[in-house]
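**Student:** In the order they appear, the protein sequences are chains A and B.
When we follow my numbering, the leftmost residue of the first sequence carries the number 1, and every step to the right adds one.
When we follow my numbering, the leftmost residue of the second sequence carries the number 1001, and every step to the right adds one.
Certain hints may be false.
Stated by the list, open to error - Straight-line C-alpha distance at most 35 Å; calculated DSBU-like pairs for lysine-lysine:
hint : chain 1 : residue 1 : chain 2 : residue 2
1    : B       : Lys-1042  : A       : Lys-68
2    : B       : Lys-1042  : A       : Lys-24
3    : B       : Lys-1106  : B       : Lys-1042
4    : B       : Lys-1001  : A       : Lys-24
5    : A       : Lys-24    : A       : Lys-68
6    : A       : Lys-24    : B       : Lys-1106
7    : B       : Lys-1098  : A       : Lys-68
8    : A       : Lys-68    : B       : Lys-1106
9    : A       : Lys-78    : B       : Lys-1042
No lab work stands behind these hints, which were simulated from the structure alone.
Each chain is listed here by its residues.
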Amino acid sequence: DAGVIQSPRHEVTEMGQEVTLRCKPISGHNSLFWYRQTMMRGLELLIYFNNNVPIDDSGMPEDRFSAKMPNASFSTLKIQPSEPRDSAVYFCASSPTDDPFFGPGTRLTVL
Amino acid sequence: KQEVTQIPAALSVPEGENLVLNCSFTDSAIYNLQWFRQDPGKGLTSLLLIQSSQREQTSGRLNASLDKSSGRSTLYIAASQPGDSATYLCAETGGYQKVTFGIGTKLQVIP
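My request is simple: use the sequences and hints to build the entire structure.
**Tutor:** This is how it looks when you write it as structure tokens:
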């Protein structure tokens, strides 16, 4: 298994642009998580899905952020419009039960 | 809101020394406690997972303990090596597989 796949690995964009991050979880894992990591705040859970259904999105910072999981093998995290304070590493993780497997992350820089 | 605290934030030790990393959590209904390793610019790698019914787990030179009553976990690294240099994160899983991370302890092992 290739593990959790995230794309792109690096994204540089200008303020106001739309950003879409993508994640392919490990096949058979029924839970998917989106995290954001910054130096100041560490790892923060943004949203997680169970069986493609959003369970808790209380960590999504504001309405500019949205996440979807149209099927068991794909999820997106969208930021529209992006702001410099959104610059961070965004991790996707999937889990069969209680042991999350992390993707390599997407490093987002908003200028 | 669940909180996970890690002390110290950074630690520098000479090679060969035994060391302990500390983690405290506020969730009284913890499902499991997990320790991760993160190398610079990389994703997270799971080291040890302790179920709420367990007291400790061991893997090679690593030993993790869990004390639910006091809300504490420790990661013991024996005979530290330069290759152990990384950031170590503690994470607790509560209801609905929601994982809360500490901000991490940055370890440097000096040859």
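**Student:** Of the hints stated earlier, which fail here?
**Tutor:** none
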